[in-house]
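S.K.: Position chains R and Z relative to chain A; hints supplied.
Residue numbers (the working numbering), protein chains in the order written: chain A, 1 to 426; chain R, 1 to 167; chain Z, 1 to 320.
No lab work stands behind these hints, which were simulated from the structure alone.
As the structure is a prediction and not an experimental result, all values here were calculated from the model.
You may find that some hints are simply not true.
Stretch by stretch, here's where chain Z covers chain A in the computed footprint (C-beta under 8 Å, at least three residues) [to be verified]:
id	stretch
1	319-333
2	405-419
If you want a taste of the chain Z side facing chain R, the calculated C-beta under 7 Å gives, among others [stated by the list, open to error]:
id	residue
3	Glu33
4	Arg34
5	Gly39
6	Ala42
7	Leu48
8	Ala316
9	Ala317
Computed list of chain Z residues with no C-beta within reach of chain A, every gap over 10 Å [to be verified]:
id	residue
10	Gln3
11	Leu5
12	Glu7
13	Ser36
14	Arg41
15	Leu96
16	His115
17	Ser118
18	Leu189
19	Asn205
20	Gln234
21	Arg259
22	Gly273
23	Ser283
The C-beta atom is built at its ideal place from N, Cα and C for all residues, glycine as well.
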Amino acid sequence: MHLCLAGARVIDPANGTDKCTNVYIKGTRVVRVGCAPKGFIPDQTIDLKGQILTPGFIELGAHLREPGFEYKATIASESKAAASSGFTSVCCTPDTMPVIDNASVVEHIKQRAHNARAARVLFLGALTHGLQGDVLAEMRALKDSGCVAVTNADYAIRDTAVLRHALAYAASCGLTVFLHPIDYWLNRDGRMHEGAVSTRLGIPGIPEAEEIIAVNRDLTLVEETGVRAHFCRLSSARAISLIKRARRAGLPVTADVALSNLLFIDQDVGSFDPNYHLRPPLREGRDRTHLRTAIKKRDIDAICGNHEPHDADAKATPFSLSAPGVTSFDTFVPALLSLVEQGAFDLNTAIAAVSQAPNDILGLDGGALTCDSPADICVFDPSQKWTVSKESLSSAGKNTPFLNQTMSGRVTLTVIAGRIVHNTND
Amino acid sequence: MKIDVIELLDNMSVELQNNINAAARENTVFVGVHTGGVWIARHLHNRLANPSPVGELNIAFYRDDFSRIGLHPTVEPSKLPFDVNNRHLILVDDILYTGRTVRAAMNEIFDYGRPSSITLVVLVERGGRELPIKADIVGTRLNLAASEHVKLFGPDHLRLELCEAKT
Amino acid sequence: MNQQLDEQNRLKHFLTVEGLSRTLLTEVLDTAERFSPVGERAVKNVPLLRGKTVVNLFFEPSTRTRTTFELAAKRLSADIINLNIAASATSKGESLTDTLRTLEAMQCDMFVVRHQNSGAAAFIANQVAPHISVINAGDGRYQHPTQAMLDMFTIRRVKRHFDGLVVAIVGDITHSRVARSEIQALSTLGVAEVRVVGPKTLIPNRIEALGAQVFTDIETGIAGADVVIMLRLQQERMNSPLLPSAQEYFQSYGLTEQRLKLADKDAIVMHPGPINRGIEIDSAVADGPQSVILHQVVHGIAVRMAVMSLVIGVHAAGTN
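The following block holds chain A by itself, in its conformation from the complex (with noise of 0.2 Å):
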């Protein structure tokens, strides 16, 4: 099929593009960005004057709940709202039931997702079986697969010697690593940051201490293995100078930063509001001011959406008794925007931080524009005001602390492959 995408602001950083064009797809792929191909005949146009086109989004942990949660979301609903907010590949992370450690699971997986025909879902596979920190996981069996990383997810290894041969074994199956800095004791009873607002509150604390120890531990580690390393969701100031560091003494780690983490400190959780309850937690005005920073200047590649649908009894409850984490897709757009409002980074920083620099993490072939890349686009329309309730939200969860807030910023088209999944422009 032939596509034309027309008169959007294209936003492309990894070829360096910010300017008001057209965008032409044949099949699954981009021919160009710019003036109409030689002979090029569009099956249809699509009028985008005044939205903002991009590379599609890349989201590097998501919860899909699937199997074994499906009470919360599923597969199908959750790659459907995905594909709804901009993001056409998703990665899942492997805390299913049973967990992702071994290729039926990932089969199951990739049925419900071909049946979904939503966003392409990625799979992080088990870095440990079970998540349980003994045993590894059949890791080349996962890679052959298909899946592209492999993690612990934020199950704590407490024991270094078996994290230590885990990531050597990684490394010589060729996988990155994705590794969630928690230090297993001094997070295990805490269910915020440890500050004046958690002493206040009285809800037992995470100190920074833990992530500090953990991203020191796991450097360490990666160092001496060798492997790709991936670092997710940082949420200190002093986690990302350790980051910063090692980068620069020539360790090439890459770094993530939850979108929540950007955009909410303590203070937030206010009088015990379980939506504000996350992990990691959330810290304190000075590190979200270096989060912002770090993404600014680079020293964060990406920013995630960490996705977590709950069911409604989830949060329903006394806030230390409530699971943590939102269910973050539909709300990603207009929550990125406003960090930009606000001078956080700027609009190409932010979209590249969600596709090109997810993409590069992730090894793969597409997060630009670039002719014969992966006709993957996004294309919201940054004035388009819209409240958000159970109904707006397609996600199966609804526990966003943005519910009834009304937002700026909708995704009105996505492309996945060359293929329309998502369009509500006429």
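M.R.: The following block gives chains R and Z in isolation, referenced to the frame of chain A:
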């Protein structure tokens, strides 16, 4: 309105003493209802040279309007520094209107004990009774419309003032 | 905590001392003064809450607090139901909401709630029907506002005013909802200085932000103090990564007669109870002339009567 409160108190104390003598009540004790009733009780107590302390009733916990307006914001607690049982009480209030305050005051008194008698003394009796309550000694009777209210100001220079109710 | 105030800034729930003005706290104390004499009368109740039903919803067991609330309710002529929901591992959020729905169907007017999680009282207040008042009898580590108010009442009775007072709170501050409520109440009521005293492992991060000065040495901590509040050290803290032993705790932080001499000569000693004799406080001090511990217990009834009346009164007025 020009009412000489002191003159009223003089008349009331004479009438009260006669009333006590006629009924041969010994060892009487004064109990005033906050706030105006306490002022009047003290004045009468002095004029009659009564040796017992003056009791003070708050009645906030006995009002019948808690369900409508919540806890009434008065400050002083009730103080009855004597044993109520078998005593002759002189219950004093400033204005007798619907009768509900006196009803509440009597309920409160009976939670302290069982008096031998209660004599009701009021400075002003105005129309508008809603309960079967009658004063034994009255300073003055005023016939007021429902929209008019009379209030006692004090404790120094006691005076009565008439005002229109706020709608 | 606007959730506990109505549009006219009156208390419709009593969940936390946080966010309440000096005027409001003083009103609670003054109201408690009015209820105080009731306990000395022949008939120890007033008919104020007659026909109202109060439910003691205790997810965490407690004999003394529950009994005090029960007594306060009875002295107000209210009907009282005691529900002790075992703090088992299966008491999750679902049953909490379901329990509330069932109780609401039984036409209750007030829940007195004690729960092991911080913020539980606020959560319940958010869930219940609008005509129901909620009083926090202690939620996790967050607040125990009635305890703080009865302690303030006791201090005011003895010391007459709060200005210029130096108050030291000694013990496990980290796990103490009483400490948090008291630090805030004392600050709001205008004392000169609030001190927290204890080993570093039991003093929470950034407690200074709540208005307390930190002392890890008891001698300097209670020097010159006008009020010394001793907190109970729970069994699970002794012989744990937080403290080596009860003996060492008493050696370092126990209030002995000797140590008490370092405080102001007219200092009073308080304790929310129950007391661990020989662990946080010497018997000689607990039973000594400067101790007002038993007064605290009595005052607890008047203060709870005051809080319950104020809060139900606002609901009554609000629905008319």
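S.K.: Does the structure break any of the earlier hints, and which numbers would those be?
M.R.: Hints 2, 5, 10, 15, 16, 17, 19 contradicted; others consistent.
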